[in-house]
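Whole structure, please, built from the sequences with the hints as guidance.
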Amino acid sequence: MMLSFSVLQAELYAQDAQVQQADTTQNVVRVIRFVGNDNVKDNTLETLIRTHTNREFLGIPRFTPWYFIWKLTKRFGEPPAYLVPETVETDMERIRRYYESIGYLEASVDTNIVEFSPNKVEVSFLINEGQQSRVQTIAYSGMPEFPDPELISDFYLDSEMTREPINDTTFSVNRAYSENALNNERNRIINFLKNNGYASVQRDSVLAQIKRDPSDNHQLDVLFYINPGNLYHFGDLSINLRGPDAQTRYEHADTLTGEPYTSGGKKIFLQKEAEAQTKFSLLTDQLLFKPGEVFDNNRYVRTVNEFQNLGMLNIREFGLSEDGSLPDYSKPDIPVLFSLQTLPKHSFNFNLFGLRRYGFGSGAGVTYTNNNLFGKAENLQVSLNGSFEYVGSETLQNLDETFGGGDQLFRSFEVRGDYSLPRLIFPFAGLDDNLFFSNSRTQYSLSLARSNQLFFDVNSDVRFNLRYVVNHNERFTSLLDLVELDVLDSDPSEQFRQSLIQQFDTTSFEYRRLLEDFRPQVSSILRYTFRSQNTDLIQRNRGYYSEYSVALGGNIPHLIDRYFVTPDTLEGNLPSPARISNNSLSYSRFLKLTADYRRYVPLSNDAVFSYRGFAGFAQPFGGSSSIPLNQRFFAGGSNDIRGWDFNSLGPGGIAIEGTPPVVGGEIKLVGQAEVRQTMISNFLSADWIGAWFTDAGNVWYGPRNSFRGGQSQDLLNEGKFYIDEFYKQIAVGSGVGLRLDWEYLVVRFDFAFRIHDLAPTESWFTNKKLYFSFGIGHSF
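In numbering that gives the first Met the number 0, the protein residues as written are 0 to 779.
One should not assume that every hint holds.
Mimicking BS3-like on lysine-lysine, the simulated pairs with C-alpha atoms at most 25 Å apart in a straight line are [stated by the list, open to error]: (1) K119 with K70; (2) K375 with K330; (3) K727 with K768; (4) K289 with K278; (5) K375 with K266; (6) K289 with K330; (7) K40 with K70; (8) K119 with K73.
Now the in silico label distances, taken between C-beta atoms and shown as ranges [stated by the list, open to error]: (9) E45 with P78: 17 to 25 Å; (10) F682 with P331: 54 to 62 Å; (11) E250 with L558: 48 to 56 Å; (12) E85 with E159: 34 to 42 Å; (13) D253 with N42: 58 to 66 Å; (14) Y527 with F352: 25 to 33 Å.
In case anyone wonders, no lab produced these hints; they're calculated from the structure.
Keep in mind that this is a model prediction, so the values were computed, not measured.
Just so it is clear, CB atoms sit at the ideal spot from N, CA and C, and this is done for glycine as well.
In structure tokens, the structure reads:
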């Protein structure tokens, strides 16, 4: 028996189903059941049907609080989900069609509707799955020949469906029939042909024929019939660039022909307006194909993306013709058109923001942007930001008792310059021609910051960074910080210093450790970060996000110390460059590793379960015994372990509120879980989402970190990580929260209890205090 069809429009037949139902006048659907679905989960079938119950809280059957609110008020909440017989019939067909798509070609669906109480019904979908069909072999017919004979064989073997070859064009499969898999294979054939010159290939150019095994109707053979059409080359290329005012006056023009721009006598025609203030070389630098070469649709599409990613222009029109119309496949060459328009070069941005750490505060900033600074899409941003934070009298009174307090108003100031190029520079410039590295940027940043904090003042914080950013594709991103220098000159506040002198002996560990943490220092970082994601970074309602990094610190100041300042002598500190600080600057050499993984699992159309795991490890080496304060791991805060203030947790057992701020560590472990349920949709233009969360973790000093006392004993033992002790020092917070989701912005309110408090007077479930935190965006 032979069944001939295109993959998406297969003509498959199953038994007709009849709906058996009770009187459905104003009946409310309270229960939906699936019977007989041994091989498909209920959750999957629920996404297919349109018959539904009222929204259930966390998926608990019949627990529909919003419907009960509507019954009480007739105004607020969610109206009842009435039964619609026509919708049930359509749902039956959807379920049957889905079973066919995954290989159950003889599946049938019936339904039974039972009124179990007045005007309340239970809808049951009765499914007879039958036997799943399997694909035995897959074959290809009509594939053109290529100069490289390995190209076709490699293409066949790269398929997710093919296994062992039977001959040059036939392969064993031995997997369940799946329309989606066959559709993906057809698209793979189309993309392969388009990327190798066969530009006219369409969906109907590749058809699948299914043949049943005469001895077993559930065993299938698949044959792809391929009509590739003609081979094409890129024709002449026209690029037109307008200025921001969109007045078509092309004052400048150029024509390029021959190597390295074109081949086969083809030409590149360039036109631009004077107001565009852009060099022609920028436009040609973005091209990933060459006129005259064999047509490659992937390189053509990636070139469109290259123009889009410049950030200084818009694409008005593009196409495979001289005027942007439909391609003409009657000729062997396909011309290409790009019509572009630059954005305004100068812009100012003003912003206001709020913050909360020890108190509540606010800030403002202004940013000047010069887009396309020198005519090759260079971007320059200069920003100036200032903020203040007011600490309440109760908080300050607690600080007075322990630390001597200080001003109620904390202030900070920062000026920052960022300069970026839409390409990689030395030593990675050669990678620009590789498609995997084509969407890239080189970024420079320089900043100067000053601030007074709760316990210390930052006299100056000067940072310089050279970063390479490559968006390999929609999922993968690489970031390489080739040079990151930070010169930090900080001092404990005078009130805090006097309080320490009164509270501790100047030779004590606490006093010496605090001065060590706040010492002026210089640090350098060489760091690589890899990100992988397939989630919406605002909604975070499905998919995953992961980030992994490895960093090497302190090598630049080490080399300067060893070979320039005092050759062949290691002093462990450097003089301040350009008199940024009046103090000498210490440095540390270290290795730092981090891993951050987050997963978002839909529980229903309105509920999401999310979890996060984070692990960080840093280790000093080369004579260094500690990690710089600004490179340590910290714990606590609205985006970390909720229930503890910002950076107030740990290390290890050093977790008593009000102790000196010996915070941060070289090891960090965090686990977080959160269930989010949409309670009200589109109220005040936002979805109101309830959440229940649990956070756990801490930071610890690493095994190489030491601080010796008068008798050479290590004074950091209480905060160190020990494999047989660390689990007792895991802080646990849990609570509930509310999120207001405007799609483009999420505002978060969380209320947490400390389930496991590390303070000696507290333990499991003994701290009854409620801790509030506020944030923008989901916690993770």
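(request) Compare the distance between the alpha carbons of K119 and K73 with 25 Å, and conclude whether the hinted pair is satisfied. (result) holds (18 Å)
(message) Hint check: K375 vs K266, CA-CA at most 25 Å. Holds or violated?
(response) holds (22 Å)
(message) Given the hinted pair K727 and K768, is their Cα-Cα distance within 25 Å?
(response) Since the Cα atoms of K727 and K768 sit roughly 21 Å apart, the hinted pair holds (cutoff 25 Å).
(message) Given the hinted pair K119 and K70, is their Cα-Cα distance within 25 Å?
(response) holds (14 Å)
(request) Mind checking the hinted window 17 to 25 Å against the Cβ distance between E45 and P78? (result) holds (20 Å)
(message) Does the beta carbon distance between E85 and E159 stay inside 34 to 42 Å, or does it fall outside?
(response) holds (39 Å)
(request) Could you see if the CB distance from D253 to N42 stays within 58 to 66 Å? (result) holds (59 Å)
(request) Take a quick look at whether K375 and K330 sit within 25 Å of each other, Cα to Cα. (result) Violated, because 35 Å separates the two Cα atoms, which is more than 25 Å.
(request) Take the C-beta atom of Y527 and the C-beta atom of F352, compute their distance, and say whether it sits inside 25 to 33 Å. (result) holds (31 Å)
(request) For the pair supplied as a hint, K289 and K330, confirm whether the alpha-carbon distance does not exceed 25 Å. (result) holds (18 Å)
(message) So if I understand the rule, the pair passes when the alpha-carbon distance is 25 Å or less; does K40 with K70 pass?
(response) violated (32 Å)
(message) Taking 54 to 62 Å as the stated bounds, is the beta-carbon spacing between F682 and P331 within them?
(response) holds (60 Å)
In summary, the structure is inconsistent with hints 2, 7 from the numbered list given earlier, while agreeing with the others.
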